[in-house]
Amino acid sequence: MKNITFILIALFSTLVMSGQSIFERYANSDDVSLVSISPKMFKMLGQMSINFDDPEAKEYMEMVSSINNFKVLISGNIEVSDEMLKWVKQQISLEDLEELMTVKDQEADVSFYVKSGKSDDHVEKLLMFVTEHSGGKNNLEINGRNIEAVLLLLEGDIDLNKISKLTDQMNLPGGKQLKKAQQKKAL
Amino acid sequence: MKNKSSLWICLLIGIVVVSCDKKPSLQSYYVDKMDDSSFLIVNLPLQLDSLFSYDLSSKEQQALNSIDKLNLLFFRSKKDQEEKYQNELTKISTILSQDKYQPLMDFKSFDKAQGSFLFEGDTDKVEEGIIFLNSAKMGFGVLRIIGSDMDPGVIMSLAKKANPDQMKKQFGSSVGVLDGIFD
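Residue numbers (this note's numbering), protein chains in the order written: chain A, 308 to 494; chain B, 15 to 197.
None of these hints come from the bench; they were simulated from the model. Even glycine gets a Cβ: it sits at the ideal position worked out from N, Cα and C. Fair warning: there could be bad hints in the mix.
[Stated by the list, open to error] SDA-like, lysine to any residue: derived pairs with alpha carbons at most 25 Å apart:
id, chain 1, residue 1, chain 2, residue 2
1, B, 105, A, 332
2, B, 105, A, 337
3, A, 347, B, 151
4, B, 151, B, 136
5, A, 378, B, 125
6, A, 378, B, 120
7, B, 151, A, 353
8, A, 350, B, 141
9, B, 139, A, 332
[As the list claims (entries may be wrong)] Restraint ranges, calculated between C-beta atoms of paired labels, are given here:
id, chain 1, residue 1, chain 2, residue 2, range
10, B, 135, A, 468, 45 to 55 Å
11, B, 41, A, 385, 40 to 50 Å
12, A, 406, B, 42, 45 to 55 Å
13, B, 151, A, 311, 53 to 63 Å
14, A, 336, B, 151, 11 to 21 Å
15, B, 23, A, 399, 30 to 40 Å
16, B, 94, A, 328, 35 to 45 Å
17, A, 334, B, 173, 39 to 49 Å
18, B, 51, A, 412, 33 to 43 Å
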C-alpha cells in the first residue's frame, strides 16, 4: 500500500513538473525575449473582426481568431537554448508531435513540428524551433542582442496555408522556411 | 446535533471573513501613492465627442460614453532608489497577477524592457484596460483605461471614424500636460 502511494506521488510530481511550460519558466529571466498572447486576446480580436468592412482585413482577422494561443521565446544564451531544445523533445514525445520539416541553411537550423488537426492542411499545434549555428557569419540579431534560438508555439485551428502571412508580418526568422513547409505539406 | 450546527456556522463565518479580506486593488495603490513624490499620477478625463465630425449610430455613441477616463501612474527610477524601485515593482506585479486582471499579452525584450496588457471584465464588456510597462533604466508605468462595459470591437470601428486633426489637437493638449516629466 505504501508503495502504491509513493508511486502515485512520484507520477503526480513528474506530471506537475512537465506541466510548467518553458515559456513560464523563463518569463522573468533577463536572458530571453518573449511575446505571449493569451486566448482571451484572440477571443477579443475575433469579436472585433465582425466590425471590419474591408474584406482583406476581415480575412486576416478571421485567421487570427482561429488561433487561441501564441507564444514566442527568444534566447540569448546557450544554456537557455539547451533547455528549450530539451523541452521541444519532451513535447514531441508527450504530445505525439509529427515533424513537418527541417531546414538547414547557412545561418540556422529550423524545425517544424505539428499536431494534426481536422484536415491535412489544418493543424492543432505548431512548434517552430530555430537554432543558430555557432560561429556563423551572419548572426541573427534582435535589438543588438545576439540570439541563439527561437521557439514559436501556436495552438488553435491553424490553416497552414494562411499562417505564413502572419509570420511574414512579424518578420521573425523562420518565416521563409515556414512558407516552404506549407508548400510541401500541400503537395 | 447542536455541536454540528455551530461548527457549520463557524465555518460559514470563516468563509465570509476570508472572502472579505480585501486584496490591494490597483485603485487603492494609486490612492496610496498620491502623495509620494517618486510617483507621478495623471488623471485625464476624456472628452471624445469633439473628435467626431459626423453622426454616429446609437451603438457607437454608447461605446463613446462607455470610456470614462485615463489614469496614468509613473515611477521614475533614480539611482539612489534602487531598493524602493524593486519593492514597488514587486507590489504592482502582485496586484496585477490577481485573477480579476486577465492577461491579454505579455512581452519582454531581454533585460531592456517588459510589459503587459491586461483587462478586467468580459471580452465584450471591458470594465478596465491596463497597460503596464517596465524598464530597469526608466522605471515603470501603469496606464488604466477606465469605463463601463466598453466593447473593444465598437471602439475599434470608432477609432476609424475619428477626425485625425481634432485627435491631434486633443492629444496634443493632453500630452502637453505630460511635457517636462521626462527631462
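Hint by hint, here is what the structure shows:
| no. | hint | verdict |
| --- | --- | --- |
| 1 | 105/B / 332/A | 21 Å, holds |
| 2 | 105/B / 337/A | 20 Å, holds |
| 3 | 347/A / 151/B | 31 Å, violated |
| 4 | 151/B / 136/B | 34 Å, violated |
| 5 | 378/A / 125/B | 19 Å, holds |
| 6 | 378/A / 120/B | 9 Å, holds |
| 7 | 151/B / 353/A | 36 Å, violated |
| 8 | 350/A / 141/B | 16 Å, holds |
| 9 | 139/B / 332/A | 32 Å, violated |
| 10 | 135/B / 468/A: 45 to 55 Å | 35 Å, violated |
| 11 | 41/B / 385/A: 40 to 50 Å | 45 Å, holds |
| 12 | 406/A / 42/B: 45 to 55 Å | 52 Å, holds |
| 13 | 151/B / 311/A: 53 to 63 Å | 55 Å, holds |
| 14 | 336/A / 151/B: 11 to 21 Å | 18 Å, holds |
| 15 | 23/B / 399/A: 30 to 40 Å | 55 Å, violated |
| 16 | 94/B / 328/A: 35 to 45 Å | 39 Å, holds |
| 17 | 334/A / 173/B: 39 to 49 Å | 31 Å, violated |
| 18 | 51/B / 412/A: 33 to 43 Å | 55 Å, violated |
Violated hints, listed in ascending order, are 3, 4, 7, 9, 10, 15, 17 and 18; each of the other numbered hints is respected by the structure.
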